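Novice: Heads up: the sequence shown at position 106 corresponds to 106 in the working numbering, and the numbers run straight through without jumps.
Please note: incorrect hints may appear among the correct ones.
Said to hold, decoys possible - Derived pair list, reagent style DSS-like, types lysine-lysine, alpha-carbon separation capped at 27 Å:
#1 K55 x K108
#2 K24 x K60
#3 K53 x K88
#4 K108 x K8
#5 K24 x K88
#6 K88 x K8
#7 K8 x K21
Quick caveat, the hints were computed from the structure, so don't treat them as lab data. Predicted, not measured: the structure shown is a model, and the values here were computed from it.
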Amino acid sequence: MSNAEFVKHADDSNFSTVVLKEEKPTLVDFWAPWCGPCRAIGPILEELATEYKDKVNIVKVNVDDNPATASQYGVRSIPTLLLVRNGKVQETSIGLLSRNQLVALLDKNLN
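Work out the full structure, taking the sequences as your base and the hints as a guide.
Specialist: Next up, the structure:
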């Protein structure tokens, strides 16, 4: 199984089901294909999706294709990451994070 198989995708129509109603905490990556930093963080998120598969879901939302969800969460710059737990945003991070920064964000919110 490749790392990408553990990354889910959400859109305006299923965000509530895929993210808000999920029992596991979810890291949401708001991104776009033309965004260089978004493309750089993608492989890191895929690795972490595999490593943390029992603890957290990682979900990508393309802001170009899903403007309603991006607007609802005030996404103005990408990549924007939201850590959602029990239907509520626990933490927001804007911009490119290193692997170590992502691990710290996950570990802080999962323990």
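Novice: Indicate, hint by hint, whether the structure satisfies it.
Specialist: Checked hints:
no. : hint       : in the structure
1   : K55 x K108 : holds, 12 Å
2   : K24 x K60  : holds, 16 Å
3   : K53 x K88  : holds, 20 Å
4   : K108 x K8  : holds, 22 Å
5   : K24 x K88  : holds, 12 Å
6   : K88 x K8   : holds, 19 Å
7   : K8 x K21   : holds, 14 Å
Taken one by one, the earlier hints all hold for this structure without exception.
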